[in-house]
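Asks: Listed below, chain by chain, are the residues.
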Amino acid sequence: MNDPSVMWIPRHFTFDIIKQTAEVMELPETLLNTVLLNLGCSVVQVMACAVTGYGFARFDFFGKKFLFGIVIMMIIVPPQIISLPLYGNFVHLKLINSKLAMYLPALAGNGIRSGLMIFIFRQFFKRLPKEIEDSAYIDGCSRFRAFVSVMLPNAGSAVLTVFLFSVVFYWNDYYISSTFFTDNQTIALMIKNLGSRLSVKLFNNSAVQVSPREQIVWLEAGCLISVTPMLVMYIFLQRYFIEGIERSGIVG
Amino acid sequence: MKKKLHGIEFIIPWLIGTVIFFLIPLFASLYYSFCNVSIDSEKTVCEWISLENYRYIFYTDEYYTDYLLDTLVETLWKTPLIIIFSVFVAVILNQKFKGRTFARAVFFLPVIIASGPVYNIISGNIQSTGSEQFSTMFSADLIGDLMRFFGIYDISEKTEKIIISISDNIFSIVWSSGIQILIFLSALQNIPQSARDVAIIEGADAWDYFWKVTVPYLSPLFKVNLVFTVIDTFTSPANPVMNRILSMQSEWNYGKASAMAWIYFISVLIFIWLAVFTVRKLFGDSDD
Chain Z
1 MNDPSVMWIP
11 RHFTFDIIKQ
21 TAEVMELPET
31 LLNTVLLNLG
41 CSVVQVMACA
51 VTGYGFARFD
61 FFGKKFLFGI
71 VIMMIIVPPQ
81 IISLPLYGNF
91 VHLKLINSKL
101 AMYLPALAGN
111 GIRSGLMIFI
121 FRQFFKRLPK
131 EIEDSAYIDG
141 CSRFRAFVSV
151 MLPNAGSAVL
161 TVFLFSVVFY
171 WNDYYISSTF
181 FTDNQTIALM
191 IKNLGSRLSV
201 KLFNNSAVQV
211 SPREQIVWLE
221 AGCLISVTPM
231 LVMYIFLQRY
241 FIEGIERSGI
251 VG
Chain B
253 MKKKLHGIEF
263 IIPWLIGTVI
273 FFLIPLFASL
283 YYSFCNVSID
293 SEKTVCEWIS
303 LENYRYIFYT
313 DEYYTDYLLD
323 TLVETLWKTP
333 LIIIFSVFVA
343 VILNQKFKGR
353 TFARAVFFLP
363 VIIASGPVYN
373 IISGNIQSTG
383 SEQFSTMFSA
393 DLIGDLMRFF
403 GIYDISEKTE
413 KIIISISDNI
423 FSIVWSSGIQ
433 ILIFLSALQN
443 IPQSARDVAI
453 IEGADAWDYF
463 WKVTVPYLSP
473 LFKVNLVFTV
483 IDTFTSPANP
493 VMNRILSMQS
503 EWNYGKASAM
513 AWIYFISVLI
523 FIWLAVFTVR
533 KLFGDSDD
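Protein chains in written order, with my numbering: chain Z, 1 to 252; chain B, 253 to 540.
Read the hints as simulated data drawn from the structure, not as lab findings.
You may find that some hints are simply not true.
Computed list of lysine-lysine pairs in BS3-like fashion (alpha-carbon distance at most 25 Å, straight line) [said to hold, decoys possible]:
no., chain 1, residue 1, chain 2, residue 2
1, B, Lys348, Z, Lys130
2, Z, Lys65, Z, Lys19
3, Z, Lys64, B, Lys464
4, B, Lys475, Z, Lys65
5, Z, Lys130, B, Lys413
A short list of chain Z residues far from chain B (calculated; beta carbon distances all over 10 Å) [claimed, not checked]:
no., residue
6, Thr14
7, Glu29
8, Leu31
9, Asn33
10, Arg58
11, Asp60
12, Lys94
13, Asn97
14, Asn110
15, Ile132
16, Arg143
17, Ser149
18, Leu231
Now the stretches of chain Z that chain B is said to cover, found in silico as 3 or more residues with beta-carbon under 8 Å [claimed, not checked]:
no., stretch
19, 64-78
20, 162-175
Since this is a predicted model, take the numbers as computed values, not measurements.
From the three backbone atoms N, C-alpha and C, an ideal C-beta is built for every residue, glycine too.
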C-alpha cells in the first residue's frame with residue numbers, strides 16, 4: 001500500500017486491513033455497545049413517535065396548532081445548539097454517562113430527529129380512513145386500544161420507514177454520544193477518531209505521522225465496517241417494505 | 253372542556269419530554285444569545301449584554317451574513333430539484349424489474365453515509381486524492397461535448413449555463429435525496445391496488461396515471477419532503493452557516509453562537525413558511 005500508483009485498480013486482494021481495522025476499533029465490544037444503544041433507542045423512539053404522531057393526526061385538542069409548531073421547531077433546531085443547556089440539564093438529573101441519557105429522550109419522543117419522525121407519522125395517519133377507527137370504537141375499543149390493534153397494523157410501511165431512519169441516525173450519531181458520555185464506545189465515535197486511534201494502536205506510538213494517502217486504506221476499511229451492517233439490514237427489511245401493501249387491509 | 257382535551261393522552265409523554273429536553277434548553281440558548289457566556293467548572297455564567305451579540309454579527313462579523321445569503325439562495329434552487337429527482341427515482345424504484353433490491357440499496361446508501369462520520373472521511377478523501385476525478389466527471393466541457401455529441405448546438409448561453417450548473421450538482425443532489433426517495437417510496441407502496449385497477453379500466457396511460465393517481469397520493473408527503481429537504485440543507489454540517497456557528501461554539505463563544513443560531517432559525521422558519529405556502533398553492537390544501 002505504499003505504492004502510490006495503486007489508486008483505482010487494486011493490485012491484489014487482502015482482508016488484512018479489515019482485520020487490523022477491526023482490531024483497532026475493538027469491534028466486538030463496540031458493536032455490542034452500539035447495538036444496545038442503537039436498537040433499544042430506535043424501538044423506543046419509533047413507538048413514542050407513532051403515538052405522538054397519531055395524536056396529532058387524529059384529535060383536536062386545545063392548542064394543537066401551537067404544539068405542532070413546536071414539532072416543526074424540533075426538526076429545525078440542530079442538536080448542537082441546545083446541547084450546552086441540555087448538558088447542564090443532564091448534569092442536574094445525574095444522567096451523564098448513563099444510557100438513560102439517550103433512552104429517556106427517545107422514550108419521550110425527543111430522540112435524534114424525533115420531530116421529523118412525528119411529522120412523518122402524522123402525515124401517514126392522516127391518510128388512513130377514519131372509518132376503520134370508528135368501527136373499532138363501535139366494537140367497544142378504547143382510544144388507545146383502537147390505535148394499537150387497528151391503526152398501527154395499517155401503518156406498517158410508515159413504521160418500517162421511520163424505524164430504518166431511526167436505526168441509521170442512532171448508528172451514525174457521534175455528537176450526542178460524545179457530549180453526554182465521557183467514555184462511550186460506539187461505531188460512529190470509533191470511525192470519527194479512527195485516524196488518531198490508528199497511529200496509537202497500530203504503531204504503538206501516537207507521534208507517528210502517517211500520510212493521509214496511506215491512512216486512507218484503514219479509514220476506508222473502517223467505513224466499510226460501519227456501513228455494512230446498515231446496508232444488510234436495509235436489504236433484509238426492504239422485502240417487508242414491499243409486502244407492506246398486500247397486507248394493509250384498507251378497503252372501503 | 254372535556255372535548256377540548258380529547259385525545260391529548262397520546263401526546264402527553266412527548267409533551268413532558270419536550271419541555272425538559274427541548275423547550276428549556278432552547279429558551280436557555282435564547283437567553284445565552286443576549287449574554288456573554290463563560291463556562292466556569294461545569295457551571296455556565298451569563299452576563300447580560302442585551303443586543304451586543306446581534307450587533308456584532310451584523311456589523312463586525314465578516315462572514316456570517318454572506319454565508320447566510322449564499323445558503324438561502326442555494327437552498328432555493330436545490331430544493332425543487334431534489335424533490336423532483338426523488339419523486340422520479342421513487343416511481344422507478346417502485347416498479348418491478350430485475351435487480352431492484354440492488355438499485356434500492358444503492359439509493360439508500362447516501363442515507364447511511366451522509367448522516368455519519370463516514371461522510372467526513374469520504375468527502376475528505378475526495379478532496380485529498382480524487383477531487384480531479386470527481387470535478388472533471390461533470391465538468392463544463394464534458395457537458396458541452398455531450399450536447400454536441402447529441403447534436404444540440406444552438407442553445408442560448410443562459411440555457412447552457414443552467415444545464416451546466418445542474419449537471420455540476422448531480423453529485424450533491426443524488427447525495428441528498430436518499431431519505432426523500434425512501435419517504436416517497438413508502439407512500440407509493442400505500443397506493444391501493446384498486447386505484448391502479450380503476451385507472452386501467454378507465455383507460456389511463458402511464459402519464460395520466462402519474463398525474464392523476466401517483467401525485468395526489470404523494471401530495472401530503474411533498475410537504476414532509478419539502479420541509480425535510482430545506483432543513484437538511486440548512487442543518488447539514490457541510491453548510492457554511494452551521495460551520496460558522498459550530499466554530500464559534502468550539503471557541504467557547506456560546507453567546508455569539510446562540511445569537512447566530514437564532515438569526516438562522518428565524519430565516520429558516522420564514523423560508524419554510526414560504527415554501528409550504530407555495531406547495532399549498534400548487535397542490536391544493538386537501539390534506540393539510
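Asks: So, for every hint listed, does it hold in this structure?
Replies: Here is how each hint holds up against the structure:
no.: 1; hint: Lys348(B) with Lys130(Z); verdict: violated (31 Å)
no.: 2; hint: Lys65(Z) with Lys19(Z); verdict: violated (53 Å)
no.: 3; hint: Lys64(Z) with Lys464(B); verdict: violated (32 Å)
no.: 4; hint: Lys475(B) with Lys65(Z); verdict: holds (16 Å)
no.: 5; hint: Lys130(Z) with Lys413(B); verdict: violated (50 Å)
no.: 6; hint: Thr14; verdict: holds (20 Å)
no.: 7; hint: Glu29; verdict: holds (19 Å)
no.: 8; hint: Leu31; verdict: holds (15 Å)
no.: 9; hint: Asn33; verdict: holds (16 Å)
no.: 10; hint: Arg58; verdict: violated (6 Å)
no.: 11; hint: Asp60; verdict: violated (7 Å)
no.: 12; hint: Lys94; verdict: holds (13 Å)
no.: 13; hint: Asn97; verdict: holds (14 Å)
no.: 14; hint: Asn110; verdict: violated (4 Å)
no.: 15; hint: Ile132; verdict: holds (13 Å)
no.: 16; hint: Arg143; verdict: violated (7 Å)
no.: 17; hint: Ser149; verdict: holds (15 Å)
no.: 18; hint: Leu231; verdict: violated (6 Å)
no.: 19; hint: 64-78; verdict: holds (count 9)
no.: 20; hint: 162-175; verdict: holds (count 8)
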